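Q: Using the sequences and the hints, build the whole thing.
Going down the list, the sequences are from chains A and B. Residue 45 is where the first sequence starts when you use this note's numbering, and the numbers rise one by one after that. Residue 45 is where the second sequence starts when you use this note's numbering, and the numbers rise one by one after that.
A couple of the hints might just be wrong.
Copies of the same chain are indistinguishable here, so a pair counts whether it falls within one copy or spans any two.
Here are the simulated lysine-lysine pairs, BS3-like style, with alpha carbons at most 25 Å apart [said to hold, decoys possible]:
1) Lys285 <-> Lys252
2) Lys261 <-> Lys174
3) Lys56 <-> Lys238
4) Lys285 <-> Lys134
5) Lys238 <-> Lys134
6) Lys261 <-> Lys285
7) Lys152 <-> Lys105
8) Lys270 <-> Lys152
What the hints contain is simulated information worked out from the structure, not anything from laboratory work. These numbers were taken from a predicted model, which means no experiment stands behind them.
The residues making up each chain are set out below.
Protein chains: 2
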Amino acid sequence: MSNRAPVFVLVKPQLGENIGKAARAMLNFGFSEMRIVDPRDGWPNPSAGPTAAGADIVLEKAEVFATTAEAVADCSHIYATTVRKRGMTKEVLAPAAAAQDMQASNGKCAILFGPERSGLEVMDVELARKIITVPINQEFGSLNLAQAVILVAYELSKMDERNVQPTLEKQPSQPAPQIELDRLYAHMEAALEKTGYFYPPDRAAATKITLRNMLTKPGWTEEEVKTWRGVLSSFENPHPK
Amino acid sequence: MSNRAPVFVLVKPQLGENIGKAARAMLNFGFSEMRIVDPRDGWPNPSAGPTAAGADIVLEKAEVFATTAEAVADCSHIYATTVRKRGMTKEVLAPAAAAQDMQASNGKCAILFGPERSGLEVMDVELARKIITVPINQEFGSLNLAQAVILVAYELSKMDERNVQPTLEKQPSQPAPQIELDRLYAHMEAALEKTGYFYPPDRAAATKITLRNMLTKPGWTEEEVKTWRGVLSSFENPHPK
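A: Below, the structure is given as structure tokens:
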């Protein structure tokens with residue numbers, strides 16, 4: 045998403061700590077372009093660094109603007125995040141839908157996040173083409189700035205990942221081929237024949253089906269099947285130390 | 045999702061503030077069942093309240109356990125959240141896939157979250173059937189406890205929303221509660237101690253981890269676990285006919 049990575053715009057943030065947390069949340073999902081509108085305590089803010097937890101690059105590159113309009117002047121698609129309903133006539137999207145929308149859009153996108161306590165003002169929301177609302181517990185809604193940022197960043201990164209899948213391409217090792225399982229089962233049955241497990245004989249057939257089902261269910265890897273074979277051998281030929 | 049809402053298990057959390065933030069993150073998406081394993085600073089912790097930002101009900105209802113095994117003893121599906129790869133043979137799911145998986149599963153689910161700095165230990169991951177990994181920026185991964193909680197809670201709440209239609213009428217049988225697997229594993233280990241399987245001693249620890257991982261992977265039912273116990277008993281006390 046690098047060439048179409050959206051800008052995260054913090055409008056009138058109050059605490060430097062929260063700016064740092066937002067930077068950390070962004071960089072966790074590969075986003076680094078932050079713009080700050082009229083920060084209450086000025087900029088740079090020494091409280092931001094520690095909570096950024098290493099995402100200093102985001103803070104260093106952050107640009108400061110006097111107004112929201114200036115901050116998004118070069119952007120083609122503006123999204124405003126808000127929790128409250130204000131008789132919106134604009135389209136309201138959940139974060140996942142917003143991410144899809146941004147992915148499909150042509151031109152630079154900006155996402156506005158309001159001040160900690162009050163959220164975005166009507167004037168800021170007016171600038172936006174669309175609204176992003178995280179659907180939260182109606183009886184408790186208490187999403188802070190960094191949480192709103194991380195949820196949006198997370199959804200955006202999922203869009204991106206759909207093409208690449210960097211982390212998750214590594215799935216667990218492949219299950220052993222069926223023939224290995226057949227051999228494991230044969231080994232187990234033979235070992236259990238010797239212990240008298242299949243007595244009485246009239247129940248043996250059903251028991252064998254159960255055992256085979258249990259062994260085929262897990263999708264064990266070849267290594268795991270080998271381990272089981274070792275376990276069986278150890279029961280067959282104990283060598284107590 | 046109320047009747048199938050998962051339990052959020054914080055394993056050895058360090059700071060009360062982070063427990064409070066996790067509670068807030070959970071309740072934002074309608075989840076309230078928190079369990080805490082061996083919290084570093086004891087429980088209740090006066091630092092948790094302020095950061096919970098009103099989610100006190102979650103903290104008040106939180107249960108404390110000495111070990112992870114005890115905390116999940118009544119759960120049928122255990123998921124471990126982890127960022128690091130450890131040569132997993134278990135399925136690794138992104139949060140969205142994990143949420144789908146939980147939604148489709150029959151029986152109580154638990155999600156394990158590790159301590160702030162170190163993440164879950166190998167022993168905790170062993171307990172889990174599946175792994176949840178949030179795909180984050182490889183060059184910066186710095187997801188804190190509350191952020192991991194909120195992303196998982198958020199994905200779970202999306203499932204709930206989407207899930208207007210009733211769940212599948214025929215679910216596969218429910219996996220045995222974790223405590224049954226613990227007993228099966230203890231039985232197996234004891235039986236193998238007698239056969240000399242864990243010789244030489246310097247490899248025993250690694251072998252035990254492998255075995256436990258193999259036993260937690262399949263999601264066996266109570267019946268299947270009973271069958272395994274019978275198999276073990278038969279090896280321990282053979283009665284050849």
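Q: So, against the hints stated earlier in the document, which numbers end up violated here?
A: As far as the earlier hints go, 3, 4, 5 and 6 are violated by this structure, in ascending order.
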